[in-house]
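Visitor: The chain contents come next:
4 protein chains.
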Amino acid sequence: MDLQAIANDIVSRMESESDRGKVANYIPELAHVDLNKFGIAIAPIEGEVVTAGDADIPFSIQSISKLFALTLALKRVGATLWQRVGREPSGTAFNSIIQLENERGIPRNPFINPGAIVVSDVLLEGRQPDEALEDVLGLCRRLSNDETVYVDDKVAASETLTGDRNRALANFMKAEGNLREPVDRVLEVYFQQCAIAMSCRQLATAGRYLCAAGQPAGGEDSTVTPERARRLNSLMMTCGLYDASGEFAFRIGIPAKSGVGGGVLGIIPGVASVAAWCPGLDRNGNSRLAIEAFEELVRATGWSVFGPLVPPRRSQT
Amino acid sequence: MDLQAIANDIVSRMESESDRGKVANYIPELAHVDLNKFGIAIAPIEGEVVTAGDADIPFSIQSISKLFALTLALKRVGATLWQRVGREPSGTAFNSIIQLENERGIPRNPFINPGAIVVSDVLLEGRQPDEALEDVLGLCRRLSNDETVYVDDKVAASETLTGDRNRALANFMKAEGNLREPVDRVLEVYFQQCAIAMSCRQLATAGRYLCAAGQPAGGEDSTVTPERARRLNSLMMTCGLYDASGEFAFRIGIPAKSGVGGGVLGIIPGVASVAAWCPGLDRNGNSRLAIEAFEELVRATGWSVFGPLVPPRRSQT
Amino acid sequence: MDLQAIANDIVSRMESESDRGKVANYIPELAHVDLNKFGIAIAPIEGEVVTAGDADIPFSIQSISKLFALTLALKRVGATLWQRVGREPSGTAFNSIIQLENERGIPRNPFINPGAIVVSDVLLEGRQPDEALEDVLGLCRRLSNDETVYVDDKVAASETLTGDRNRALANFMKAEGNLREPVDRVLEVYFQQCAIAMSCRQLATAGRYLCAAGQPAGGEDSTVTPERARRLNSLMMTCGLYDASGEFAFRIGIPAKSGVGGGVLGIIPGVASVAAWCPGLDRNGNSRLAIEAFEELVRATGWSVFGPLVPPRRSQT
Amino acid sequence: MDLQAIANDIVSRMESESDRGKVANYIPELAHVDLNKFGIAIAPIEGEVVTAGDADIPFSIQSISKLFALTLALKRVGATLWQRVGREPSGTAFNSIIQLENERGIPRNPFINPGAIVVSDVLLEGRQPDEALEDVLGLCRRLSNDETVYVDDKVAASETLTGDRNRALANFMKAEGNLREPVDRVLEVYFQQCAIAMSCRQLATAGRYLCAAGQPAGGEDSTVTPERARRLNSLMMTCGLYDASGEFAFRIGIPAKSGVGGGVLGIIPGVASVAAWCPGLDRNGNSRLAIEAFEELVRATGWSVFGPLVPPRRSQT
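Chains as they are written, first to last, in our numbering: chain A, 26 to 342; chain B, 26 to 342; chain C, 26 to 342; chain D, 26 to 342.
It should be emphasised that the hints constitute simulated quantities derived from the structure, not laboratory data.
Hints may contain errors.
If chains are identical, the list can't say which one is meant, so a pair holds when it fits in one copy or spans any two.
To be verified - Pairs of lysine to any residue residues, derived as SDA-like cross-links and limited to a Cα-Cα distance of at most 25 Å, are as follows:
{"no.": "1", "residue 1": "K47", "residue 2": "L162"}
{"no.": "2", "residue 1": "K100", "residue 2": "E320"}
{"no.": "3", "residue 1": "K47", "residue 2": "K179"}
{"no.": "4", "residue 1": "K62", "residue 2": "K100"}
{"no.": "5", "residue 1": "K100", "residue 2": "T185"}
{"no.": "6", "residue 1": "K179", "residue 2": "T248"}
{"no.": "7", "residue 1": "K100", "residue 2": "N61"}
{"no.": "8", "residue 1": "K179", "residue 2": "D209"}
{"no.": "9", "residue 1": "K100", "residue 2": "D81"}
{"no.": "10", "residue 1": "K179", "residue 2": "M26"}
{"no.": "11", "residue 1": "K179", "residue 2": "T250"}
{"no.": "12", "residue 1": "K179", "residue 2": "T105"}
{"no.": "13", "residue 1": "K62", "residue 2": "T250"}
{"no.": "14", "residue 1": "K62", "residue 2": "R276"}
{"no.": "15", "residue 1": "K100", "residue 2": "E272"}
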């Protein structure tokens, strides 16, 4: 399978797409991003990363950071985390507060905003906000093997200014006893973590820990055990694209996590980690073209976890 | 991999389980079933079906029938079905009517009750209820390669007597214009389809069409295209166990569909179809021990779609 | 106070109103009614009924019948009724099923549809549907002192044909154990009771039992005790106009019950009973002009229960 | 009618009540209050205030302050307030956030917490928090004709410490654009206003402006026009006791506003203003015995707005 040809083909198709969605406008700093950008990077578990388009331009990873933060929180507190956050799809928007009231402050899963805020609280507990943030940023740098990954301060400031809804969610959970640290400090971690900037190349490289865990290609990496990798992948499958997770599973069939910066990171277990990026969003807050790119990719490679994978795999090795 | 030894081992573990859940009591006829029964059947895409325990006792497949009915409805009307039913997890109980009111009579997915009732309406359209039922029953017989599969009339009568909640759901959708046939006739199809009785052996055999589609082992079977099989699998993954679908994906990681009769059918794409059965249910309405059995199975075989599948597969071939 | 002049004045103002709302279209038979009709009748606790406009044309009283049915149900079972129906405003539309699911089949009050269906069940218990209906119809005739009050069979048939939403509500309560008689028979009572036709004159006359209870002018009438009259009035105030009850209390300040046939019956305790009718509805399902007529009436008479009533009263006697 | 005898009788009945409810525990400072206290004050529109029991002990008026704040906000911005707050009962708890999300940040009425927070925002706009607070405190002093009315700083501090849920509500409305001033400053006004302490005598005296507006006894007082008094009374009737407003209207039938400090202020239009206090609350957050006291009062006086008022009134003059 010629992954480079597939990636190039995807880029040229995306260039001609006229309906590119809308840039997130509720975080002012994100509203300036160029809708015409598109990048893709494919990191097979072994071998070189394949890229095409704007794959080396850093963008705001936003909610994709929830995956890295969750990885660290599970290391910190293990399965006790699940007493404070559920593992079910929410059936509601990523920032809905209704579910929180109905379920007494326990977020449905760690990928909706309130769930990720609890994760930030876990990372913060007993530390300063910048220590918690350093942890997340450090993991992103180590996994992407690139020390240039950074927090975009303007985006972080922009989120702080417009984060009233997240403040509502956090205060609600505080009232229900599901946050231990002060709301302002928890949100400081959360807003900054969302403002981490990475390129498709960096993201795809970073995602390898989830597709190679327990495989020979995974080497000595101990970021996650194979079992935890499987579980993180399952959470991405059922909850990774907000209230469009079922649709993504249906059309594409690989675990993935999206962010309102326009990035989507997908994991094909045992095969590859893939990142695509285009800043225009659909009405669910997911990148319109990044989703299309994944659909093209699966069509070309057969990389669905629900599909008949054996034949493509053989041709790959 | 010695599947027979694995199956036997699971059966002996389940025998010693004292907390076996509770039999469904809202369908009186199901309340008589023996809590001590447990069966499992594994149907690899090639080779003999492996069974252990009570694998040849027929039980009420209940909501597992929604999978077969959906397969037929997609054959009948194709993707237009999705204008009338969604593809997202619901975040609510299988018989909740709240979501229906909030989303104007469009059920979230075809595996919650209102979604399956729309599917029954699609199967019925322009026909008599017994014709629609024959279709579903015929598919179950053909796929399980066993003409003895039958509708349990006592269970069907029991459901009709106690189906007020389903009548509420159906009338609600009728009011919103999402049912075309008369409510009573649609429910006649629905109640009878749920009363189909199959054994673990029959179910596991029947499930092969979803794991072998497009594979050499799938032969000439044209029940579904490979793409449709992938999509049905994805729906099972995100919505197959009601409001515990996320949990099942997290702990076990294979597409599956459960029924309140205590059965669970799981599909490992390209590998095997597995059915387990024990009538005791947990609070979500899923079989407590059938779920545990799947957990044991995945631990022993590595058959998670989210995991590193390559090593177990090699040892399998 | 010259009530005739006030009534005439209201009629002439309403004639010139161009925005008359929309006729209820979900009951086909009601959709034919002439939007230009408008009538008003004022029945002081003593003396002649004052009328103006189309005050002698019978119209479908629809939900106003819930008041008469409730009066009878309280006679039948007394305060035990309140174990099956609440007494709080619902905060939702008159036919919402969400509240029912959240509160396990107990309707919030007897004036939303599910509450009135429970009342029909109480009236039916142990009887035939036509006996229960005769009770309601008989009360309407006796209170209006007019044996010509009738059930409009065409409207009743029209409701039966299009009553899927009410069937959903009834089946839901049946499933929750809050209906004792068969759903079809309960709805037969409910649909027919809603199809009772009365004129403004008949309605205003009938309403006297609620404003004169316990007063010398009430005479020997024992339809309700003074205490029960007070309580029925309070229910009208907090729940009588569906989800616009608060607004009506705010703008007008008298207990009232509306129906989608365009009628509104208002009770000024100790003073008068008033009925107004115009078939055009606002978005809450209340008659646009009947509400305006009550606003004019209160402006002219000072008949708000929340206002300084003493001066107008003096001038009245 | 001997109001003093009635008041004394109520006090002696309440002394013997063993089930006194529970003191509000979510505001720590309120948890210290003595459950055995009970006071009542009746302020007829003319003549001396009648008191009995602990009628001169100041208590935290809490949500009763919402009535005075609303009176001032309507003076400030008039009917434009109603673009930002509704006038309907909510059908949910006083601090529910679900309704806010469903209705895009517009609270259902000014007496649930989010509605009162919008009112605080209106009072604050363009001013300092202490100016806004002075306004509310000043009105309480003027109406009660007692300059000793004060803000209990300990209670205010206690509310600030435990006000996470209110912070959630405020931030949510900020996110929806329904607060103009910074959340922290709006809540400063809100928390302090709730911490105003008044006795039954002071409260009953203060309430006279709502029962005497437009009456000769109201004199030159221009706090509200007669029309606005009527409207404030109507809001108390439909929304004044949180999610038990319908029940209070049903059992008692007078406009009233309660607070979690255990006070209830009731208005009998044209007749009297009454305050009762006992710190023990029922599960809806209303004073158990204050409600019972109002029930006794209405039984003894006939002072329901829904009842036959004429005979008792005559005997009163």
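Visitor: Hint by hint, say whether it matches the structure.
Guide: Against the structure, the hints:
For a Cα distance limit of 25 Å, the shortest separation of K47 from L162 qualifies neither inside one copy, at 28 Å, nor across copies, at 48 Å. Only between protomers do K100 and E320 lie at most 25 Å apart by alpha-carbon distance; the minimum there is 23 Å, versus 33 Å within a single protomer. For a Cα distance limit of 25 Å, the shortest separation of K47 from K179 inside one copy, 20 Å, qualifies, whereas the shortest one across copies, 50 Å, does not. In this assembly of identical chains, the alpha carbons of K62 and K100 never lie at most 25 Å apart, being 35 Å within a copy and 40 Å across copies at closest.
Neither within a single protomer nor between protomers do K100 and T185 lie at most 25 Å apart by alpha-carbon distance, with minima of 27 Å and 35 Å respectively. With identical chains, the CA atoms of K179 and T248 are never at most 25 Å apart, being 30 Å at best within one copy and 50 Å at best between copies. For a Cα distance limit of 25 Å, the shortest separation of K100 from N61 qualifies neither inside one copy, at 39 Å, nor across copies, at 39 Å. Taking the closest pair of Cα atoms, K179 and D209 come within 25 Å of each other both inside a single copy (18 Å) and across two copies (24 Å).
Taking the shortest Cα distances, K100 and D81 never come within 25 Å of each other, neither inside one copy (30 Å) nor across copies (44 Å). Proximity of K179 and M26 under a CA criterion of 25 Å is satisfied in neither setting, with 41 Å inside one chain copy and 55 Å between copies. Neither within a single protomer nor between protomers do K179 and T250 lie at most 25 Å apart by alpha-carbon distance, with minima of 35 Å and 49 Å respectively. Taking identical chains as interchangeable, the C-alpha atoms of K179 and T105 are never at most 25 Å apart, the minima being 35 Å within one chain and 37 Å between chains.
Taking CA atoms no more than 25 Å apart as the test, K62 paired with T250 passes in neither setting, with 36 Å inside one copy and 35 Å between copies. In this assembly of identical chains, K62 and R276 lie within 25 Å of each other by CA distance solely inside one copy; the values are 24 Å within and 38 Å between copies. Taking the shortest alpha-carbon separations for K100 and E272, only the inter-copy value of 20 Å comes in at or below 25 Å, while the best intra-copy value is 30 Å.
Of the numbered hints stated above, those contradicted by the structure are hints 1, 4, 5, 6, 7, 9, 10, 11, 12, 13, listed in ascending order.
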